[in-house]
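Q: As given, the protein sequences belong to chains A and B, one line each in that order. Last residue of the first sequence: number 326 in the working numbering, and the count goes up by one each step with no gaps. Last residue of the second sequence: number 304 in the working numbering, and the count goes up by one each step with no gaps.
Quick caveat, the hints were computed from the structure, so don't treat them as lab data. Quick caveat, the model's predicted, so the values are computed rather than measured. For glycine and all other residues, C-beta sits at the position ideal for the given N, C-alpha and C. Any given hint might turn out to be false.
[Said to hold, decoys possible] Stretch-level coverage of chain B by chain A, calculated; a stretch enters the list once three of its residues show a Cβ under 8 Å from a Cβ in chain A:
(1) 15-22
(2) 53-67
(3) 119-132
[As the list claims (entries may be wrong)] DSS-like mimics (lysine-lysine), calculated; alpha carbons at most 25 Å apart, straight line:
(4) B:K35 / B:K298
(5) B:K37 / A:K107
(6) A:K157 / B:K298
(7) B:K198 / A:K107
(8) A:K157 / A:K107
(9) A:K278 / A:K307
(10) A:K148 / B:K166
(11) A:K148 / B:K37
(12) A:K257 / A:K278
(13) A:K107 / A:K148
(14) A:K157 / B:K9
(15) B:K37 / A:K157
(16) B:K9 / A:K107
(17) B:K198 / A:K148
(18) B:K298 / B:K198
(19) A:K307 / A:K257
(20) A:K107 / B:K35
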Amino acid sequence: MVAELAQEEELFAQSLTLAPVISLDGLSVHFGERPILNNLQGELRGRAIGLLGPNGAGKTTLIHTLLGFHPASFGTARIFGRDITTDANQIKTLVGYMPERDSFIAKMSAVHFVRLMAELSGLPSDAALERAHEALFYVGLGEARYRKLDTYSLGMKQLAKLAQAIVHGPRLIFLDEPTNGLDPPARVRMIRLIREIRDSGQANIVLSSHLLRDVEECCEEILILRDGHIAVYCNLEEERKANRKFLVLETRGDQNKFAGALAGLGCEYAITTDHRLKIVLQHGVEIRDLYRVASEQQVQIRRLSYKRDSLEDIFLKAMENGNGGL
Amino acid sequence: MAVYERTYKQFAGKLTPEWSRFLIIPRYAYRDVFKSKLFTAFFVVCFIPLLVEAILIYLHHNASALAIMKVNVRELLPIDGSFFQFFVNLQAAFAFFVALLVGPPQVSRDLRNNALPLYLCRPFSRAEYVLGKMSVLLILLSAITWIPQLLLFLFQAYLEGAGWIKDNLWVAGAIVLGNIVWILLLALLSQAVSAIVKWRVIASAALLGIFFIPSVFAEVVNNLFFTHWGHIISLDASMRSVMGGLFGTYVRSTGHVVDFDNGVVRQIVLNEPPLWCSWATLFVACAICLALLSRRVKAYEVVK
Chain A
1 MVAELAQEEE LFAQSLTLAP VISLDGLSVH FGERPILNNL QGELRGRAIG
51 LLGPNGAGKT TLIHTLLGFH PASFGTARIF GRDITTDANQ IKTLVGYMPE
101 RDSFIAKMSA VHFVRLMAEL SGLPSDAALE RAHEALFYVG LGEARYRKLD
151 TYSLGMKQLA KLAQAIVHGP RLIFLDEPTN GLDPPARVRM IRLIREIRDS
201 GQANIVLSSH LLRDVEECCE EILILRDGHI AVYCNLEEER KANRKFLVLE
251 TRGDQNKFAG ALAGLGCEYA ITTDHRLKIV LQHGVEIRDL YRVASEQQVQ
301 IRRLSYKRDS LEDIFLKAME NGNGGL
Chain B
1 MAVYERTYKQ FAGKLTPEWS RFLIIPRYAY RDVFKSKLFT AFFVVCFIPL
51 LVEAILIYLH HNASALAIMK VNVRELLPID GSFFQFFVNL QAAFAFFVAL
101 LVGPPQVSRD LRNNALPLYL CRPFSRAEYV LGKMSVLLIL LSAITWIPQL
151 LLFLFQAYLE GAGWIKDNLW VAGAIVLGNI VWILLLALLS QAVSAIVKWR
201 VIASAALLGI FFIPSVFAEV VNNLFFTHWG HIISLDASMR SVMGGLFGTY
251 VRSTGHVVDF DNGVVRQIVL NEPPLWCSWA TLFVACAICL ALLSRRVKAY
301 EVVK
């Protein structure tokens, strides 16, 4: 019997590591007649997954649907291989959630509040108290843990929300706009905590934000939503590894002629403005060759810098085209 | 794991059984409820009638105490169904005031602070949440109603002897069932009101109104139409009928009026609604409360 249980637990742990963190299988959510999420498909496996999109794109609805707050109208999704409709309770034991809005239980001290949340997640009372203290120390509220939540500043409330989301040690943490309303030092602290949790390898993170910088600093994979569709899926980690750098040149002179000559060298180019062009250097082509070609074409190179496609570029492109996929 | 080890770690221990988690809510709620000295004092006062009941039962069986007090046993209230019904009704009134103080903030506070997503993102269902919130009142009210009264019934049975319990076992059933129906109704009503009204004072006033406004309206209907069928909309009257039915004191015909119609004198007998109607009224009230709770207790309100 004991051996069977141990084997079952091992299988469970294996399934958690092998299965994708989130798989979307034609997931659609309608509120009344209004479609909010439309036929989302794909698999997300990253340690930290960023959900991006303009306001009303469906980021929060996607998180709420994965948490079982809204029923799927069509299709389904799976978290660690478990169906959000049929295995909702099992999924809830594996996840932690930090909501976007202020969510508290009134008249409670932080430690009392976090302990209650831990107990509701199934931790025995003593363990819940111990972990509540730990979680509050971990997020940096150790000294203020006996204070009533009503007296907390906005930044402290965000940290308390994070503490309640991680107190039971979930495998997947949903963070909905965790840096909302934070001042720069508090934001840095929050980002550091998120990265620490990600790097601990003990939990995966889904970070929903409209702040590109936050997502870029924390996430490996991003999913950009637009009007309830997946606009772009991008593995930032692979992008970074591929090190796809390009040059941005600021020139004076006949840019088209110069660009044509660069094409002759085998370089890919894109003219961005009147005096700017982006080029990807081909193997064997060096900077001095650019100056030589510029001199031949009587074009001045005023500025030259290496750049990489930033998340902002990817995001803006997605908002223009918006037909990406996994 | 010590506090100084500030790293993220999963919980590797054994989890508590899922069925028992709804009891976490009352445990935390009582800490808050009994922080108020005024409420604690009132709660203690709720036990005074039970103490009087216990003394009366004791006196009935203690000849020497009666002799000292120079009281004849016949002068005391007889210990029978009516005796227990009187105290059940008295405790029901206390239970109502406890519900008025404790019930309204339960759900409204969570709604006001957007706390529902925090409960419901955990392995804790909406039904468990409602059950947990209701348990706050159910446990508290049980402690001042059917549990002590059942103990007093057993006390009386012990003092009276084996034959008495055999003849009066139905009284125990009436005590338990009558009280459970009442506290269940109170718990459901106060949670439903609390789920609709976000402000405690207004919620308390609304709960009071639910009992008194239909009762006043029922009396108006009764007087206008020479009937007692107006009681069908009064929760208070319905509960009285149900209690009467359980304790065997329910009478259908409760009075008559004399009416002059075209010079003809008519006597109209005033009949209470049948007992099943009173049960149906309570059942419908509970069903409406459950429907309201299921509509309001959601992680997020969806505007369609």
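Q: Could you work out which earlier hints the structure fails to respect and list their numbers in ascending sequence?
A: 2, 4, 10, 15 and 16
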